[in-house]
Amino acid sequence: MKKYSLLLLLSYISMTAQQQKTAFAYFDFDSDVLTEDAHITLDSISSELKGTDSYAIKIYGFTDDAGTESYNRILAQKRADRVAGYFQLHGFLIAEAAVDSPGLRAAVLTAEKKRRVRIEYTARAQPYEVANTNAGYGSSVSIPEIRGRQGTNVILSGGIGPGEVAVSEFFSTESMIANGMYGIAEGGDILKSEGMITVCNTYKQVDSTGMYTIQIPANRGVINDKASVWLSLEDKEGKLVWQNTSIEVTTDSITKMYTIKLPAKPAECTHINLDMFANRENGYRVVYLYTDKPYDFVKARMYNSYGDMYFSAKVNDTTWAFCVPNHTGLAGILFTGAEKDSRKEIGLQLRKCRHKVDKKRNHHYYITERALIAGLPKQAEKKKKKSWFSELF
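Throughout the sequence shown, residue numbering follows the working numbering, covering 1294 to 1686 in sequence.
Bear in mind the hints are in silico, worked out from the structure with no lab data behind them.
Bear in mind the structure is a predicted one, so any value in this text is a computation, not a measurement.
Some hints here could point you the wrong way.
[To be verified] Quick list of in silico lysine-lysine cross-link-like pairs, BS3-like style, CA-CA up to 25 Å:
{"no.": "1", "residue 1": "Lys1558", "residue 2": "Lys1343"}
{"no.": "2", "residue 1": "Lys1497", "residue 2": "Lys1351"}
{"no.": "3", "residue 1": "Lys1407", "residue 2": "Lys1314"}
[Unchecked claim] Have a look at the derived ranges for each label pair, beta carbon to beta carbon:
{"no.": "4", "residue 1": "His1657", "residue 2": "Lys1343", "range": "44 to 52 Å"}
{"no.": "5", "residue 1": "Lys1406", "residue 2": "Ser1546", "range": "32 to 40 Å"}
{"no.": "6", "residue 1": "Ser1324", "residue 2": "Ser1546", "range": "44 to 52 Å"}
Positions of the beta carbon are idealized from the N, C-alpha and C atoms, including for glycine.
Please model the complete structure; the sequences and the hints are all you need to start from.
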């Protein structure tokens, strides 16, 4: 009976010591800039988490109901990233920073209450630890495992004391654009990514055996034997660029997974990319798109079934880089998104753009008004009817 009561007491202590809390940071209309009130909220959470032995922070952005779905998704992610940036600046690791559930659209909330970021966080000041006799000196060594939403699996060995592991995955064009993930090598060459992930841990100590074992699902179920492991650097503008490594990659043709191992350090985030150069030797060509003003494209899709397109980089506000297989035709490519800093949805049909090919056989497309109209079927149809009516009268 005494033993049972002790277990209940320990369970209660564990639950109360790491209770999940929720807070909200609110934003002005069509803005991802932190307000004074938002700063007060984030400062309060930061003060609460400082000095704790273990914590976890998850961030979810949202918007009001104005604007298109694609524009709202971009703005929601920007708000989440803005809050995540605050915590990272103050020395905290983020378990997740994403767009909140679309189901909130049906919630009975004012527009002001929807312009927000939801912050879920836990803190444990005095964790209950079980000693591992194999670790020496009674220290607590854990081997946590986490699986991402897209199937990435991460195991950390050698973590000492309390802590957690988190993984963020960037496989789709939409997620890469929204999170500012660029496929550019340190020399400026364009890359074709098989998948980008960020792995973070909150362990204050990692022993000499500290190692990540990471399994990454093959992009669209196709193993690429030419892919190698790239780790991130930051260029002068603070953008991610990638440096090639000699880290070994093993593949499994049955599970369609890549497996890599790399050393782990305490309380760090590691950006990992399975990439190769986007050039004709590797079976790809680069497609550059130049626009007359800044746009936020969130989708690029093909209208034929003979190939596919992959996002590589937003080089700057008016230059985008994609890559396509050598054998793929480009006429059927359609971009959709929104004008930057406005809520006007746009579509762009590549075959209507001005076009040239350079010596490396890379393709350069320049936006035209005709290409924009062609990308929006409703506008094109409306324009056609107007011209026919004006001819009659």
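Hints and how they fare:
1. With a C-alpha separation of about 20 Å, the suggested pairing of Lys1558 with Lys1343 holds against the 25 Å cut-off.
2. The straight-line distance between the Cα atoms of Lys1497 and Lys1351 is roughly 19 Å, inside the 25 Å bound, and the hint therefore holds.
3. Restraint check for Lys1407 and Lys1314: the C-alpha separation of about 19 Å stays at or below 25 Å, so the hint holds.
4. Restraint check, His1657 to Lys1343: a C-beta distance of roughly 51 Å satisfies the suggested window 44 to 52 Å.
5. As the Cβ distance of Lys1406 to Ser1546 is approximately 50 Å, the hint placing it in 32 to 40 Å is violated.
6. Here the CB-CB span from Ser1324 to Ser1546 is close to 48 Å, well matched to the stated 44 to 52 Å.
When the structure is compared with the earlier hints, a violation turns up for hint 5 alone.
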